[in-house]
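Read top to bottom, the protein sequences are chains A and B.
Here the first sequence is numbered in this note's numbering, starting from 143 and rising by one per residue.
Here the second sequence is numbered in this note's numbering, starting from 654 and rising by one per residue.
Quick caveat, the hints were computed from the structure, so don't treat them as lab data.
A couple of the hints might just be wrong.
Computed spacing ranges between beta-carbons, pair by pair [to be verified]:
(1) ALA467(A) with SER713(B): 38 to 44 Å
(2) LEU378(A) with ALA748(B): 49 to 55 Å
(3) GLU771(B) with HIS330(A): 39 to 45 Å
Virtual Cβ for every residue (Gly too), placed ideally from N, Cα, C.
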Amino acid sequence: MAGSLIGSRIRERREALGLKQSAVAKTCGISPSYLNLIEHNRRGIGGRVLQALAAALKTDAARLGEGGQSDLARILRLAASEEKPQAEEARLEEFITRFPGWAAVLASLRQRRAQLEQIVDTLSDRLAHDPYLSESLHEMLSSVTAIHSTSGILAQSQDMEPLQRRRFHNNLFDESARLSDLSQDLVHYFDHLAEGEQNLSTPQDELVAFLGAANYSFPTLEPGGGETVEGVMSRLSPPGLSSAASLMISVALARLRRDAARLPQSALAKAIGDQPPEPYKLAQQLNLPLDLILRRLTFFPGLDRPFGMIICDGTGATLFRKPLAGFHLPRYGAGCAFWSLYTAMARPHMPEHELLVLPDGQMFEAFAIATYDGAVAASGLSVLQSTMAFRTSPGPHQYPAREVGPTCRICPRQTCPARREPSIHT
Amino acid sequence: MGKHVLLIEDEPNIIEAISFILRQDGWKVSTHSDGQRAAEIAATTPPNLIILDVMLPGKSGFEILRELRAGAETKDLPILMLSAKGQAKDREAAASFGANRYMTKPFSNQEMLEVVRELAQ
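Starting from the given sequences, assemble the full structure and let the hints guide the process.
So, in structure tokens, the structure goes:
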């Protein structure tokens, strides 16, 4: 816990509280001169002294220590780890202190690059898998073929029946109109693509947009809320919603309504109180299944650290996702094999609680459980579903940390044993 | 060899253009647009050559190609496949299912004529 600028943060915090150095030193049982050395980053600090200082400064040690991994330093370390030329990592804090402007520029460039890589990934995913794009290109090529061939005939045939010539001219006109419509559609499509998540090309995307537009809050579906799923849908469905998306939204809202009947938001709010919600404790306290608690928390408004969520079936195919900034949920294909979402499926009904550490150093606290829903098909099989809720992590934790990635394609962990395909980070 | 070509394609303006250039070149051209019955039609009155589009309503061109190669009347007919996809895997699939030639859209009229004349020899 020896972030070298930790002393500066201690001084800032002390001054912000209007406390004297001598008074704080006395509370902590150290000499004012020792505290002075600490505050000037000339002595390392950790253990009991840090705990005492944190208590005296009405903050927690994790926050003071974590601050040593300030966002700026974290991003610059990441930049250094990603590039071939070796940066002087040992002098990172000095660099940030002496050249704060340049450090900020470098960090901003690194973040911009990561963002662009994500766009490249989305685009290449699309080019390879998007049925709309594939269909449009096929139609365009057909149209171009007709135009190319017809215009060739018109240019090279001297003696053609006037009627036939006229027909070819009409065909050219029709094909050029079709090509013009197609190109407008494509421009429209790519315009949407530039808006990232706004591009609603799959029913899953439409579902995410529908729930997001309502801020994942549907108070009228709570017990006594007085509205049906159909009512909510007819009130909130955007124009042009696909029938597949409409079905998926109604399934999601119906489950939300059933969940709300078992655990109303008011009861959950009461159980949470004014502390950050702890899913395990809530499940015990309310004597309700963990997956229900996780779903209710994902739809709970106003949390300081809101939950993102992903639910998949036994094949790993995504059934539901609620995105959360910083945690990349792939639009196509699966995520990282080491996500708790997938590892939980090896031990059905056993909850998992882990710290997922992404390659960029961001940490997410994940809760996951895989359950059989109990319904049995004619084949005698029951359906396994895995649910993972995750939220940003405020700092070091007691539970296991696990290095994970987004999805192989954009994951820089080259030697990962779970790698399915090469990364674009080569 | 006779000069009867069967064009299996669903784009009307492409059908009209190809039919025109082949007729100008002395071919008798019959056309068919639906994938489902394409192989059956070809077997009923076998042409001297078939031009077959890969993307057809009802059935894929590759499927039709397999049916043609499995049919007694059509197994040896020269077949030219047309596709808007230039990917290597489609070209390989066409070759492995027994297409004689594979041509990607868009093509020039001259190319089309040369390939058809060559296959007819």
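So, going through the hints one by one against the coordinates:
1. ALA467(A) with SER713(B): 38 to 44 Å: About 43 Å separates the Cβ atoms of ALA467(A) and SER713(B), which means 38 to 44 Å holds.
2. LEU378(A) with ALA748(B): 49 to 55 Å: Given a distance of about 53 Å, which is inside 49 to 55 Å, the answer is holds.
3. GLU771(B) with HIS330(A): 39 to 45 Å: About 43 Å separates the Cβ atoms of GLU771(B) and HIS330(A), which means 39 to 45 Å holds.
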